Amino acid sequence: MKTDTPLARACKEYEEDLVLHYYGDNGEEERRKVELHLAGCVSCRHFIDDLKRMLPQIARAETMPQSFWDSYYRETVSKLKTHDEQKNWWRAIFAPMQTWMVPAFGTVAVVLLVVGLMFGKSNLISLVEPHTEKIPQEILADKNQLEFFDSLDIIEALSKLEAQDEPKTDVIHSDVDRASLRGQIA
Amino acid sequence: MKKRRTVIVWALGLLFLMAAGPVSAADNDWRNLSPKEKDRVLRNYQRWEKLPSQDKEHLREEWNRWQRLPKDQRERLKQRYDEQRNSRDRRDRD
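Chain order of the listed sequences is A and B.
First residue of the first sequence? That's 2 in this note's numbering, and the numbers climb one at a time after it.
First residue of the second sequence? That's 60 in this note's numbering, and the numbers climb one at a time after it.
Next up, chain A with everything else stripped away, as it sits in the complex (with noise of 0.2 Å):
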C-alpha cells in the first residue's frame, strides 16, 4: 500500500516548520520562509506532499465512548501515581530528616573544627589512643576539680602553714610596737 511507505526525508533544521506549514500553524514570516524553501527543495516538497498523503487518514480517528475516556483517565492518574511512588521512594524515606538534616551536619561539621583545633597534632596521637589507666570522671569535671585534687595536701596543710606565717607578723608588730614605744619614750 501507498500509506505504508516511509515518509520522504525532509531538511532537518525545516522539519517542524513544514508540519506546520501543512497545518497553517505558522506565522506569516514562517510561512513566507517555508513556501521560499520548498520552492527550491526537491525532498521538502516531497515531504510535505507525503504529509498531505498521509495525515488525512492518521487523524480520521475513531470516536470514543465517554465510559472509554472515564477508565483512561483513571488508568492514567493511576500509572501516574505508581511511578512517582517508585522514582521518589528514597525522597519518602528522608523526608523526615530533611528538616534537621542541615543544621544537624553543620554542628558536626563545627565539632569536628574543634575537636581538631584543640587537640593539635601532638595531641592528635594520645587522642587516638586509649587511656591505659582509668580516670574518675570527678577529676576531669573541669579544670577546678583537677586543681583542687592536685593541692589536697596543702589545703589540707592550710591553716598550720598560716599559723606558721602569723607568729612572724606577730614579730613584725612587736617590733613596729616596740619602735613606737620607743618613740614615745623618747
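You may find that some hints are simply not true.
[Stated by the list, open to error] FRET-style restraints, in silico, Cβ to Cβ:
(1) F106(A) - S93(B): 39 to 47 Å
(2) R75(A) - L76(B): 54 to 62 Å
(3) P137(A) - R149(B): 31 to 39 Å
(4) V109(A) - R149(B): 50 to 58 Å
(5) R147(B) - N145(A): 27 to 35 Å
Please keep in mind that the hints were generated in silico from the structure rather than gathered at the bench.
From a predicted model like this one, the values you see are computed outputs, not experimental measurements.
Glycine residues also receive a C-beta, built at the ideal position from the N, C-alpha and C atoms.
Model the placement of chain B on the given structure of chain A, informed by the hints.
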C-alpha cells in the same frame, strides 16, 4: 514549626560544644601532668573519697579560701609546704 526545630538543633549543638570545651581542656591538662603528679592526684582523690562529708565540706571551704588568698601569699605558703615536705622526705630517707 520547621524553624523552631532548626533553632532547637542549633542550640543543642552549641550547648554540646560549650560543654565539651572545658571537659576536653581538663582532659588535656591531665595529659600534661607528670606521672608523679598524676599519682598524687589519684592518691588524693582516693583519700578524698573516703573522707566523711563534713571533712569534705571543710576542705571545700578551705579550697575556696585558698583561691581567694593573694597570689604572693599562696606562692609563699606553697613554697613553705614544699620545703617542709622535702625536709620530711629527707628525714624519712635517712
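Range hint 39 to 47 Å (beta carbons of F106(A) and S93(B)) holds or violated: holds, 41 Å
31 to 39 Å as the expected CB spacing between R149(B) and P137(A), which holds or is violated: holds, 32 Å
C-beta pair R75(A), L76(B): status relative to the range 54 to 62 Å that was hinted: Given about 56 Å between the Cβ atoms, the range holds.
50 to 58 Å as the expected CB spacing between R149(B) and V109(A), which holds or is violated: holds, 56 Å
CB-CB spacing for N145(A) and R147(B) relative to the 27 to 35 Å hint: Holds, at about 28 Å.
Hint compliance for this structure: no hint is broken.
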